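Participant: Chains as they are written, first to last, in numbering that gives the first Met the number 0: chain W, 0 to 340; chain P, 0 to 578.
A portion of the hints provided could be inaccurate.
Straight line, CA to CA, 20 Å or less: simulated SDA-like cross-link-like pairs of lysine to any residue [claimed, not checked]:
(1) Lys449/P - Lys133/W
(2) Lys452/P - Phe204/W
(3) Lys133/W - Ala335/P
Every beta carbon over 10 Å from chain W, so not counted as near; a handful from chain P, in silico [as the list claims (entries may be wrong)]:
(4) Ala80
(5) Gln117
(6) Asn124
(7) Val133
(8) Pro170
(9) Asp216
(10) Gly320
(11) Ala412
(12) Leu426
(13) Glu430
(14) Thr437
(15) Gly438
(16) Leu440
(17) Gly441
(18) Gly555
Derived by calculation from the structure, the hints in this document are not laboratory data. Computed from a prediction, not measured in an experiment: that's the story for all the values here. Ideal Cβ placement from N, Cα and C applies to all residues, glycine included.
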Amino acid sequence: MTAEDMTAENTFTTTLGRVVRKLGLLRLGGLVGAILILGFIFAVWSDWLFLKGANLLVLLRYMSTLGMAALGLTVILVVGEIDLSFANLATFTSMFTAVSWIIWGWPVWLSLIVSLAISAGWGLFNAFFVAIVKVPSFIATLGSSTLILGFTLFVSNSKTYSPRETNVDSGELAFFRGLSNQDLPGALEMQVIWLIGFSVIFGIFMSRGVFGFRLRAIGGNEQAATLAKLPVRRYKALAFVIGALMASVSGLLDFAFIGSVQPNPGQSLLFPVFAAVIIGGASLTGGRGTVFGTLMGALLLAVISNGLALMATGPFVRQMFLGTVTIGAVVLDQLSRRRGR
Amino acid sequence: MTHASADSLQSAAAAAEAVNADAAAASGAVVLKNVCKRYGDTVALDGLSLLAFPGEILGIAGPNGSGKSTMAKILAGEVVADSGEVKFGASELAKNSEGAGGAEEAADAARRVAIVHQEPQLFPNMTVAENLIVGRERSLVMIRRIDEIESDLLVEMGLEQSANTTLSDLPLAAQQRTEIARSLAQNARVFLFDEPNSALTDEESEDLFRRMHSLADAGRVVILVSHRLHELVEHANRVAMLIDGRCKAIFSGEDLTEDRLARELVVGAAQSIGPGEDVRGEESERAVLEVDGWTHREGRFSDVSMKIGEGEILALTGMEGSGARELAQSLAGYAAAEGGIEMLESSGDTDGGGGAGVVRSAGEEVADVEDMAEEEGRPPMWKVGLRAIRDAAADALAKRDDSRARLGREGVAFVGADRAHNLFQNLSVGENLVARLTGELGRSGILPPKAMKERAGQLAKDFMVKAGSVDDNIMALSGGNQQKVVIAAAMATRPRVLILEEPTRGVDVPSKREIYRLLRQFVSTGEGALLYCTEDSEIFEVADRTLVVAKGRIAGELNIGDYEDIEACATARARLEAA
């Protein structure tokens, strides 16, 4: 039987099957289903408070914070590496912006640019150890995470900064707050717009771009990628830089919205972002992960966090829930892949 | 026509055998009846019926993709068949072992089929003795010592000296013997050898075959899957020919000759490709790649001078450790070497005129593609400065930087020996085919899915990749078809020189012919190909010229056209190697 015969024979069944498999629709369908079911439960439980516009905006804002960092982390996981330093780095960039702006009197745009440059440099720093010295990225970024936390404490003197309560230029303050707060139709938060913008760009480059294809190839088999002359080191460096920048942007926008920055909130971002990416279908061993999946993962986590906060269940319930959902997602993933074979 | 009638006779025999399956099961045979298995769109087994009796060696032959590995996995219980029956008859051995009830035996069946792989599936970090004990510790507290039966097994397998050696420190043959000993300790009744000796020396292979015979003599079922027809003829009592997931014919007695098997293989393969065409290239004056005083950085070879001519297929051969493999890798840019290297820039395919330029450089020759691309035009000062810094850093790191991180040499495509290192297991067949073309297909940074798919489909067709669809995962293909995908992906970049390490290792005869034909077609437009090979038949069939490497130097050159047959060629090679 030739290849053509086989294709012709099964065109219908396989085309459908292939589409489902290719997009991982089944899995994503499960994810969307979970979001809807949980949303419904919270809605009923909270006497429909959950579905109020104001609450949904809070939910979306949290999703944006998670989502932007998660997009960056997705890139790193797809290329087959891991980054534990992004959360502490996000705190550092916010803190550096605050201190250089408020204490050192830099113009805010300079503070922002230098902060982001440091962040990109930190990505390169991670990539140097991972791609050139060949330290496993888990160890390298565990170390660099602690290192950057040290810098944060050093720069901040372990204090909290709020630009509003200082005598910074009011025009600059307005500009900075404007990054996250704008009068948008429907009281939509500016952060959500940022997330949509980044998602579109990432979505295009990850699913249709040479960039995403090569990331998947390198994450799938680094050795084969080397033989295929794909620029492995460059892509790894790029992935770490993107991951660092996205985490920093997410942190800065949060800072702009909240109006203050504490030296150590970054840790609270680490697990939810990882959970969002893993729930979204990215693999810790590399080569798998999509933008849409990651966004859905972030949405699910935002629904859970928001719903439980609304019910005032206390922080311990939220942690237990997060842990359970993450394990559940990984188990489901394993099951669906086994069936796929 | 006589052939055709002989074929139908054999098919009839195969069918008759299937009918007697139930009777055979009672006598302790392994019975496969109408077994079917699909992977996605790919049909691996299509109603396979087969019998293997205790006390005989059953050979299994067949082209890649005929279902051999799937059959092995089903017998081992690693994969469950979609339909059909798999029975393990109650043998004398099982009856003798105390209280083996029917249900218990069925549950045990998976454990009792021992598969001896090319690469042993054991615990490389543990000692030989520990490997025998794992899973049968009998105590939860202390690691027990090996018992008498096990130590007898070690003696039988010639492993008593290495009982306390870590497995990974032993040669492959000893690891395989450990695998056999472990299976015997678990009282396995069925032994399936899956291409067991493709990485063994001749002596080690002989030893392995002796052990196979003694397993069969002890009343066990022995199944040998191999691509090497002469070994099947020599050692098997019967040989089953698997084609397209079915048992096409069974050969035994007088019919069991290498010629008959080879003909059946070639004729029966989906694409009949005819006899190997013998079109050697014309000898060319010009070299596409030439090295002079070429020396490996860690001394695996030194002061090598050689060239690959236009339109030439050059083979490098030499034992493991001779430096031949490293030489091939260094020419591709994946092993650090220095010396003079000259490479012909791509010329027009047909105009032999003065269009070709020469890149000449001496000294350190591990530049990567990015560097070379930038050399067009004069780079601005900051780039020169940056490059100086980068070079300094590269020098400092050179010692630790393994060759994997290198991008390889421009104009050269390389395919390594290990298929697992050449494939992207998370990608589809099509994506694997175009993986090296992303720069070309996605100039704008976006990969148009349609263009990608068209290109992949064209490549799959040109290279006769047998796949249900290019969207299938690459792992759904058989080994030989995966190898074709790998080679197709490398050729698709139109390199000036194609360097392949053991391009047909573990590949069946028809696929081999196909690959050779594709290679010949590839060099016909003036490109060069370099193969590192270890098999005389490959050297004889495909190469124009062969360089024999021994102790890090080129010991001599064979012009393959000068030799009448494989034996003469092999003798000459061996003489050069020994000198």
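Participant: If a hint holds in the structure, say so; if it doesn't, say that too.
Facilitator: Structure-based check of all given hints:
1. Lys449/P - Lys133/W: violated (37 Å)
2. Lys452/P - Phe204/W: holds (18 Å)
3. Lys133/W - Ala335/P: holds (18 Å)
4. Ala80: holds (14 Å)
5. Gln117: Gln117/P is indeed farther than 10 Å from all Cβ atoms of chain W, at 19 Å.
6. Asn124: Asn124/P clear of chain W: closest Cβ-Cβ about 18 Å, beyond 10 Å.
7. Val133: holds (25 Å)
8. Pro170: Per Cβ check, Pro170/P is outside 10 Å of chain W; nearest 24 Å; holds.
9. Asp216: holds (39 Å)
10. Gly320: Given that every Cβ of chain W is farther than 10 Å from that of Gly320/P, nearest at about 22 Å, it holds.
11. Ala412: Nearest chain W Cβ is 8 Å from Ala412/P, so the label is violated.
12. Leu426: Its Cβ does come within 10 Å of chain W, the nearest being 6 Å, so this is violated.
13. Glu430: violated (7 Å)
14. Thr437: At about 5 Å from chain W, Thr437/P fails to clear the 10 Å cut-off, so the statement is violated.
15. Gly438: Check fails; 7 Å does not lie beyond 10 Å.
16. Leu440: violated (8 Å)
17. Gly441: Nearest chain W Cβ is 4 Å from Gly441/P, so the label is violated.
18. Gly555: At about 30 Å from chain W, Gly555/P clears the 10 Å cut-off, so the statement holds.
Violated hints, listed in ascending order, are 1, 11, 12, 13, 14, 15, 16 and 17; each of the other numbered hints is respected by the structure.
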